[in-house]
Amino acid sequence: MNERMDPRIDKLMAYLYGELPESERRAFERLLGEDAELRQEYEELAGTRAMLPAWRIEERVPSFVLVEDRPEPKRATFWERFVASWKVPSPAWGLAFATIALVVAAAAGLRVQKIDGGLAFRFGEEAAAPVRSTVPELGPGQELALRENPDRSVLVPATADWVTREEMDNQNAELVMALTKALNDYGQRRDAETYGLVQSMAQQLRDEQNRDYRQITGRLDTMGLEVLAARNGVSLEDLLHNGAELNPERPLEGKE
Amino acid sequence: MDFLEQFPPPPRPTGDERGIRRPGEARVQTFTDGELVARCQDGDVAAFNQLASRWESSLYGFVRRTLGDGEDARDVCQEALVKAWTNISRLRDGEKFKSWVHYIALNLCRDRFRSPRARTEVLAFEDEPAEPTEAIASGSRSDSSDAGAEAASRSRVLESALAELPAEQRTAILLREFQGFTSDEIGEITGVPAATVRTRIYYGLRALRKSLDARGIAASDV
Numbered sequence: 331m332n333e334r335m336d337p338r339i340d341k342l343m344a345y346l347y348g349e350l351p352e353s354e355r356r357a358f359e360r361l362l363g364e365d366a367e368l369r370q371e372y373e374e375l376a377g378t379r380a381m382l383p384a385w386r387i388e389e390r391v392p393s394f395v396l397v398e399d400r401p402e403p404k405r406a407t408f409w410e411r412f413v414a415s416w417k418v419p420s421p422a423w424g425l426a427f428a429t430i431a432l433v434v435a436a437a438a439g440l441r442v443q444k445i446d447g448g449l450a451f452r453f454g455e456e457a458a459a460p461v462r463s464t465v466p467e468l469g470p471g472q473e474l475a476l477r478e479n480p481d482r483s484v485l486v487p488a489t490a491d492w493v494t495r496e497e498m499d500n501q502n503a504e505l506v507m508a509l510t511k512a513l514n515d516y517g518q519r520r521d522a523e524t525y526g527l528v529q530s531m532a533q534q535l536r537d538e539q540n541r542d543y544r545q546i547t548g549r550l551d552t553m554g555l556e557v558l559a560a561r562n563g564v565s566l567e568d569l570l571h572n573g574a575e576l577n578p579e580r581p582l583e584g585k586e
Numbered sequence: 026m027d028f029l030e031q032f033p034p035p036p037r038p039t040g041d042e043r044g045i046r047r048p049g050e051a052r053v054q055t056f057t058d059g060e061l062v063a064r065c066q067d068g069d070v071a072a073f074n075q076l077a078s079r080w081e082s083s084l085y086g087f088v089r090r091t092l093g094d095g096e097d098a099r100d101v102c103q104e105a106l107v108k109a110w111t112n113i114s115r116l117r118d119g120e121k122f123k124s125w126v127h128y129i130a131l132n133l134c135r136d137r138f139r140s141p142r143a144r145t146e147v148l149a150f151e152d153e154p155a156e157p158t159e160a161i162a163s164g165s166r167s168d169s170s171d172a173g174a175e176a177a178s179r180s181r182v183l184e185s186a187l188a189e190l191p192a193e194q195r196t197a198i199l200l201r202e203f204q205g206f207t208s209d210e211i212g213e214i215t216g217v218p219a220a221t222v223r224t225r226i227y228y229g230l231r232a233l234r235k236s237l238d239a240r241g242i243a244a245s246d247v
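The listed protein sequences derive, respectively, from chains A and B.
Mapping to our numbering: the first sequence position 254 is 584, numbers consecutive.
Mapping to our numbering: the second sequence position 110 is 135, numbers consecutive.
It is worth saying that the hints were derived from the structure and are not from the lab.
Where hints are given, some of them may not hold.
[Unchecked claim] One side of the interface only, derived from the structure: several residues of chain A facing chain B at Cβ under 8 Å: (1) Ile339; (2) Met343; (3) Glu349; (4) Pro351; (5) Arg379; (6) Leu382; (7) Arg386; (8) Glu389; (9) Phe394; (10) Leu396; (11) Ala435.
[Claimed, not checked] If you only want the chain A side, here are some residues facing chain B, beta carbon under 10 Å, derived: (12) Gly363; (13) Ala366; (14) Leu368; (15) Glu371.
Backbone N, C-alpha and C fix where the C-beta goes; we use that ideal spot for every residue, glycine too.
Input sequences plus hints: build the corresponding full structure.
Here's what the structure looks like:
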């Protein structure tokens, strides 16, 4: 196809589509009035244009919506699936089996301690009375102790006392609920399989609690060092690796 | 030259320009394409869906008329919008979104025409006898009481006549007459100067007129 165009035709097309600047438009309209051939061309083109809207698309225009990619839902752990599979017992049954649960748990080594006006549930041998976590006042030699003692227990005693009330309440609630549900089922079935499951769960609970305990105390250990560094106006990096000196005049309170 | 290189980068919209509401301001706000594109570039899928909703009718009409098949048109539109979303960060002037997404769709249509299957289908479509012509030109129209059927016949005649045009002329006419693009915008979409676009439309309209005359259809019939 020849795509070169007579400038007059180019102006004609620009005029046809209203793309001619105002100054040129008036001049071109004068030309249209004078040139019959050009006017006829214009009228034919305009007539053809007028026919085009008759081409209709009858079908409904589909609607397009982009759906955001969402992350795969988190896969429930064995424990979550196990808990979700149990029906919630009636309040009376719940109370009864909660009591049974506590008795069984006590037999398995569960201890209940009163701490800060609340109750703490723990397995295992009774530890020494929790030490209020006051970090001992630092003397001139304690920087060395920090380096020599890898678990840094001299500066930040890792005791259960660091566990917050909220964390403890959550753990206790989960523990009681889980045992209640497990024993509720065992009360109905009285079969060896369910009993084995309860025992397995109790072991899992012990393991979980021990692991959480280590995580919490480990985290608090680091937090305690950060507090120590902040109190002495040095960075944690300097405190741990660069031999930053601690100010013995600024004793630390272990728990903020 | 790549289509995107023709557009200079826009100034980054400020928070106010992008429709962040101040206390006491009116809640209703219509975003421009540029504002919506800026949001898309921040990962806002809802903003993209607003853009899609704004231009889907134009896009579908263009693709549907280009391909001649509704199902293919749906596929191409969907693909074009997905491509637009995945490449939205490359669009430097958000106000050009409409041109850009039609450009993407046009290229997808061209890809379809290049495939053997598409060529067969297009040829088959173009070879269809223009039977509606007789119904319109013979004067039997006055006997027909179904105005809807008559309109459908006219539509098919025009579709058939436009299908006979060379692809570049048909594309220019579709973008100009049905999608409302200017010659400059069509030039950006098709990669030719605006004067060339006007030339294509001129020759396309003349050829269309000739085709309709051959079928005995005058402007007053349509």
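Point to revise | Hint check, Ala435 (chain A) versus chain B [nearest Cβ-Cβ separation less than 8 Å] | key: 49 Å, violated
Exercise for review: Would you settle whether the hint for Ala366 (chain A) is holds or violated, based on the nearest Cβ-Cβ distance to chain B being less than 10 Å?
Suggested key: Violated, because the Cβ-Cβ distance from Ala366 (chain A) to chain B comes to roughly 18 Å (cut-off 10 Å).
**Study point:** Supplied contact hint for Arg386 (chain A), tested at 8 Å Cβ to chain B
**Key:** 5 Å, holds
Exercise for review: Grab the minimum C-beta distance from Met343 (chain A) to chain B and call the hint holds if it beats 8 Å, violated otherwise.
Suggested key: 4 Å, holds
Exercise for review: Classify the hint on Glu371 (chain A) as holds or violated, based on whether any CB of chain B lies nearer than 10 Å to its CB.
Suggested key: Nearest chain B Cβ about 9 Å off; hint holds.
**Study point:** Interface hint status, Leu396 (chain A) versus chain B (Cβ within 8 Å)
**Key:** 5 Å, holds
**Study point:** Closest C-beta approach of Glu389 (chain A) to chain B relative to 8 Å, hint status
**Key:** 5 Å, holds
Exercise for review: Against chain B, run the beta carbon of Gly363 (chain A) and see if the smallest gap drops under 10 Å.
Suggested key: At about 21 Å, which exceeds the 10 Å cut-off, the nearest Cβ of chain B leaves the hint on Gly363 (chain A) violated.
Practice item. Report holds or violated for the interface hint on Leu368 (chain A), using the least CB-CB distance to chain B and a cut-off of 10 Å. Key: Interface hint status for Leu368 (chain A): violated (13 Å vs cutoff 10 Å).
Review point. At a threshold of 8 Å, is the proposed contact between Glu349 (chain A) and chain B supported by beta-carbon distances?
Key: 6 Å, holds
Point to revise | Hint validity - Leu382 (chain A) Cβ closer than 8 Å to any chain B Cβ | key: Since chain B brings a Cβ to about 5 Å from Leu382 (chain A), closer than 8 Å, the hint holds.
Check your understanding: Taking the least C-beta to C-beta distance, is Arg379 (chain A) closer than 8 Å to chain B?
Key -> 7 Å, holds
Checked against the numbered hints given earlier, the structure breaks hints 4, 11, 12, 13, 14 and satisfies all the rest.
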